[in-house]
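**Student:** Let the sequences and hints guide you as you build the complete structure.
The listed protein sequences correspond, in order, to chains C and D. Mapping the first sequence onto my numbering, position 2 (from 1) lands on 11, and the numbers just tick up by one. Mapping the second sequence onto my numbering, position 99 (from 1) lands on 104, and the numbers just tick up by one.
Don't take every hint at face value.
Cβ-Cβ distance ranges computed for the label pairs, FRET-style [to be verified]: (1) 26(C) x 67(D): 42 to 52 Å; (2) 19(D) x 35(C): 42 to 52 Å; (3) 72(D) x 54(C): 36 to 46 Å; (4) 16(C) x 118(D): 31 to 41 Å; (5) 23(D) x 17(C): 14 to 24 Å; (6) 49(C) x 32(D): 18 to 28 Å; (7) 120(C) x 88(D): 38 to 48 Å; (8) 32(D) x 67(C): 11 to 21 Å; (9) 88(D) x 81(C): 39 to 49 Å; (10) 64(D) x 38(C): 22 to 32 Å; (11) 12(C) x 100(D): 21 to 31 Å; (12) 12(C) x 106(D): 18 to 28 Å.
Derived PhoX-like pairs: lysine-lysine, alpha-carbon spacing no greater than 20 Å straight-line [claimed, not checked]: (13) 78(C) x 12(C); (14) 107(C) x 12(C); (15) 46(D) x 12(C); (16) 46(D) x 107(C); (17) 78(C) x 61(C); (18) 61(C) x 12(C).
Sample of chain C residues facing chain D (criterion: CB under 8 Å; computed from the structure) [as the list claims (entries may be wrong)]: (19) 41; (20) 43; (21) 51; (22) 52; (23) 53; (24) 54; (25) 55; (26) 58; (27) 100; (28) 102; (29) 107; (30) 108; (31) 110; (32) 111; (33) 112.
Read the hints as simulated data drawn from the structure, not as lab findings. Just so it is clear, the structure is predicted and the values come from calculations on it, not from any experiment. Where is the CB? At the ideal position from N, CA and C, for every residue including glycine.
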Amino acid sequence: DAKTTQPPSMDCAEGRAANLPCNHSTISGNEYVYWYRQIHSQGPQYIIHGLKNNETNEMASLIITEDRKSSTLILPHATLRDTAVYYCIATFYEEGNKLVFGAGTILRVKS
Amino acid sequence: ETGVTQTPRHLVMGMTNKKSLKCEQHLGHNAMYWYKQSAKKPLELMFVYSLEERVENNSVPSRFSPECPNSSHLFLHLHTLQPEDSALYLCASSQTRVTGELFFGEGSRLTVL
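**Tutor:** Given below as structure tokens:
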């Protein structure tokens, strides 16, 4: 699985968009990008995943660059409840059960 | 509420005790997982079950013994643990094991004295 690099922490004002970057420069053609988040003392929560095209669901949008070497998770209107550790994971779809979680990005949403 | 329930939420045990962690999923999924999250460390995959068959054992010491009696229930039997085994133990499930969309429980916080 490709290694991913994320900033250790970010701050965001409540109500503003939170843009969380992830670098995966060694990603191969059939590796997916998954995003999870973990709110303090809870289990991780799946957010979104994608391969090539941008994806959107009720929680977030995922923007993947054309060369697929990086991606950005966008929370359009961050709230205090979005404060969490966000994990970006690159993995082969058929090995999705072997998700490797890194250190992630601590997102602090401030009022 | 993720549809994955773990009990107990907190457990304190001595090194000579035997205890079990329980996980139950109400999602009709076919795969279940145990992960370990130690303080200041990333999540580590321990075991994967698919259709009640163990398909992954990530070099976990034998003092951790998983059991999957049916596709809805998963246990982690603990015996002769060490203080360094203190961690948050997370159970997850997924539709099948060839997907990265996992549903996690809230975890069982284990302290070994």
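**Student:** Next step is simple, just say for each hint if it's right about the structure.
**Tutor:** Taking the hints in turn, this is what the structure says about them:
At roughly 48 Å, the beta carbons of residue 26(C) and residue 67(D) sit within the given window of 42 to 52 Å. For residue 19(D) and residue 35(C), the Cβ-Cβ distance of about 45 Å falls inside the hinted range of 42 to 52 Å, so the restraint holds. Between residue 72(D) and residue 54(C) the C-beta distance comes to about 26 Å, which lies outside the given range of 36 to 46 Å. In this structure the supplied range 31 to 41 Å holds for residue 16(C) paired with residue 118(D), their Cβ-Cβ distance being about 37 Å.
Between residue 23(D) and residue 17(C), the C-beta spacing of about 39 Å breaks the proposed range 14 to 24 Å. The hint said 18 to 28 Å for the Cβ distance between residue 49(C) and residue 32(D), and at roughly 24 Å that hint holds. Look at residue 120(C) against residue 88(D): about 39 Å separates their beta carbons, and that is inside 38 to 48 Å. Under the hint 11 to 21 Å, the C-beta atoms of residue 32(D) and residue 67(C), about 18 Å apart, fit the expected range.
Our hint of 39 to 49 Å for residue 88(D) and residue 81(C) holds, since their Cβ atoms are close to 41 Å apart. The given range of 22 to 32 Å is respected by residue 64(D) and residue 38(C), whose C-beta atoms sit roughly 30 Å from each other. At roughly 27 Å, the beta-carbon separation of residue 12(C) and residue 100(D) lies within the given 21 to 31 Å, and the hint holds. Here the CB-CB span from residue 12(C) to residue 106(D) is close to 21 Å, well matched to the stated 18 to 28 Å.
A C-alpha spacing of about 11 Å is found between residue 78(C) and residue 12(C), which places the hinted pair at or below 20 Å, so the restraint holds. Under the criterion of a C-alpha separation no larger than 20 Å, the hint pairing residue 107(C) with residue 12(C) is consistent with the structure, at around 14 Å. Annotation: proposed proximity of residue 46(D) to residue 12(C) holds, straight-line Cα distance about 17 Å (limit 20 Å). With a C-alpha separation of about 17 Å, the suggested pairing of residue 46(D) with residue 107(C) holds against the 20 Å cut-off.
Between residue 78(C) and residue 61(C) the CA atoms are separated by roughly 11 Å; this keeps the pair inside 20 Å, and the hint holds. For the given pair, residue 61(C) sits about 17 Å from residue 12(C) by alpha-carbon distance, which is consistent with the 20 Å threshold. Checking residue 41(C) against chain D by beta carbon gives a least distance of about 6 Å; that is within 8 Å, so the hint holds. Nearest Cβ of chain D to the Cβ of residue 43(C): about 5 Å, under the 8 Å cut. The hint holds.
Contact between residue 51(C) and chain D, as hinted, is supported at the beta carbon level, the nearest pair being about 5 Å apart and thus within 8 Å. Look at residue 52(C): its Cβ gets to within about 3 Å of chain D, closer than 8 Å, so that hint holds up. Interface restraint check for residue 53(C): the shortest CB-CB distance to chain D comes to about 5 Å, inside 8 Å, so the restraint holds. Of the supplied interface hints, the one on residue 54(C) holds, with its beta-carbon coming within about 7 Å of a beta-carbon of chain D, less than 8 Å.
Checking residue 55(C) against chain D by beta carbon gives a least distance of about 5 Å; that is within 8 Å, so the hint holds. A distance limit of 8 Å between C-beta atoms decides the matter here; for residue 58(C) the minimum to chain D is near 6 Å, and the interface restraint holds. Among the interface hints, the one on residue 100(C) holds; its C-beta lies about 6 Å from the nearest C-beta in chain D, closer than the 8 Å criterion. Using the Cβ-Cβ criterion of 8 Å, the hint placing residue 102(C) at the interface with chain D is satisfied: the shortest such distance is roughly 7 Å.
About 7 Å separates the beta-carbon of residue 107(C) from the nearest beta-carbon of chain D, less than 8 Å, and the hint is met. Hint on residue 108(C) holds. Least Cβ distance to chain D is approximately 6 Å, under the 8 Å limit. At its closest, the beta carbon of residue 110(C) sits 4 Å from a beta carbon of chain D; the interface hint therefore holds under the 8 Å criterion. Contact between residue 111(C) and chain D, as hinted, is supported at the beta carbon level, the nearest pair being about 6 Å apart and thus within 8 Å.
This hint holds: residue 112(C) has a C-beta 6 Å from the nearest C-beta of chain D, less than the 8 Å allowed.
When each numbered hint is compared with the structure, violations occur for hints 3, 5.
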